[in-house]
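*Asks:* Listed in order, the protein sequences are those of chains A and B.
The numbering of the first sequence is this note's numbering, which starts it at 1 and goes up by one.
The numbering of the second sequence is this note's numbering, which starts it at 252 and goes up by one.
None of these hints come from the bench; they were simulated from the model.
All residues carry an ideal CB built from backbone N, CA and C; glycine is no exception.
A few of these clues could be false.
Stated by the list, open to error - Calculated pairs, DMTMM-like style, for lysine to aspartate or glutamate (alpha carbon to alpha carbon, straight line, at most 20 angstroms):
(1) A:K2 with B:D513
(2) B:K544 with B:D507
(3) A:K235 with A:D178
(4) B:K517 with A:E30
Claimed, not checked - What the simulated footprint calls covered on chain B by chain A, stretch by stretch (three residues with Cβ under 8 angstroms from a Cβ of chain A suffice, anywhere in the stretch; the number is not a length):
(5) 393-406
(6) 492-503
(7) 562-575
(8) 581-590
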Amino acid sequence: MKRPKIAFFDFACCEGCQLQVANIGEPLLEILERIDVVEFREVMSEKWDGPLDVAIVEGSITNQHALDRIKQIRERAAVLVAYGSCATIGGVNGIKNSFDLEDIRRYVYHADYRLFPTAKTRAIHQAVPVDYSVNGCPVNIPEFVDVLKAILLGLPYEVPDYAVCVECKLNENVCMYDRGVTCLGPVTRAGCNSWCINNGNICYGCRGLVSNPNTKGAQEVLRKYRIPEDLLLKKMEMYNMCRELDKNEQT
Amino acid sequence: MKDAQYSVLRKEQFDGFISRLSKLQRVVAPVARGYNNYSFEEVSSGNGISLKYIPTILPPKKYFMPQRETLLEFDTGRGLNSEAVVECEKMTIFGIHTCDLAGIQCLNMVFTERPRDYNYLMHKRKINIIGLECNEYCDEYASCALVNASTPSGGYDLFFTDLGDRFIVHINTQIGENIIESTKFFESAGKSDLEDLTELRAGKRTLFTKEVPVEPRYIPELFDRSYNSKVWDELGERCLACGNCTLVCPTCYCFDIKDEMDLGLKSGRRNRIWDSCQLESFARVAGGENFRKERSLRQKHRYYRKFRYPVEKFSRFFCTGCGRCSRTCMAGIKLKDTLNLLIEEFEETVSTLMEGNY
């Protein structure tokens, strides 16, 4: 099989998810035997203007310039991968959507704010069609490799649509709620192998919420553990504000 | 009780026994994880073992049917070569409570049905089982007396009962006998040891009483009459569908099969991984149809899989009363409460019928 031409692109993000690729270590050599990386700003100088088999896109769409650019990338790429939380669910950039755009622009850019046009933060799928998603902040490398293999095989990849708790139980972690700590695992999509909790941290909800959360039931749980609803909503907002845009489209 | 079937291990010898055994083979036992959580972990001495523990996060089924397990390795490079795989090693599990022994007995029945599950059976053949008696209830979530799992009824090689300064040990199999002989810390049991055991068991009969006011033999009928109960809707409203209740259950065995390719895309592995009927995707089939889309239906299914369907198929409940599902549920769905609600509802219906107010 011919090695597919793959390019990495970034929009509003910290580029940490791309750095994860550079961090793969030795298995990266085997991956590079299978793919032809033609553009990857973080690790190489070469550029590519031609058609692409796969575009891997990190970051969210936050202004008109970004929207134009992602549309061009989409046109050039046979397969488009939303890569990381900013791309798949809007991520922390979505916090902007909680504020008045004019106010927030003034707050960030002060006197010169008019030079920096902005728009509501969007996840990639809220701007152009997406073929594959690698969720997470940062992405979990084993999952990225799974997605890459699915692309090479021409198979779909389903991001699990159940709670992180499932993987957390399989890993037999002590539940954070037993430790008296609020964790977003019960409402967050799995697929990370409960990476954070395995390492003693809570789940921050970086993979987005399960598609059919039991909101009423969750409120009961908050009451049971005496957690203020406001606190949990704020925790969810850190990564999940762009979810509002999906909701609006549905109605 | 025949004396020859019993040995005694002095408490001061316990550490030595575990150390010796762990040099002969891998030994796992309940270990404290903090916040009143325990799990079966590898040990090399008796000191790290929690002799008083509430049921572990995951039951010992994780050794018989690991959370993730390779069943097959394949290579499509030249033709299709595939080879069945069983990765298991000889080990002893120490300290299994009677509820979890019952759980293993249930799984044995399931996996010896044809077609047999050779991976499970191979694990089982390599695992020695040492039970440990509960002298008192672990906590309020347990309902082991209801399902007759509060006292031992087989399913082990050795069974330890704590008699204060010593353990009295029931030897149930030749493997158990071999463990006693190869470790050399045991004394033969005397009359007073057996009397103490009899006394303890007598005391347990008054301490452990059925935790829900229903005769176990009527439970299948109760469930037959509760299929359209509103109790299931209430559970559905509270359930978060996190799957915790089934993942920690000692008798749940549903799994998914996933193929994992190597990067070369020619060779790979076929793995099985625990699945759960509580997850929305579990009963979804091609075309998007979902046979149990509602959380209420999924919760109902779980209860029928413990108290109704296996009675038909295996003539026993598949609830062992360990209480894990209640303990782990974020939404506070408790098995004893559910049974109580079903009983109350049933009694109301009966009394309404009796009064002719229907």
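*Asks:* What hints, given by number in increasing order, does this structure fail?
*Replies:* 5, 7
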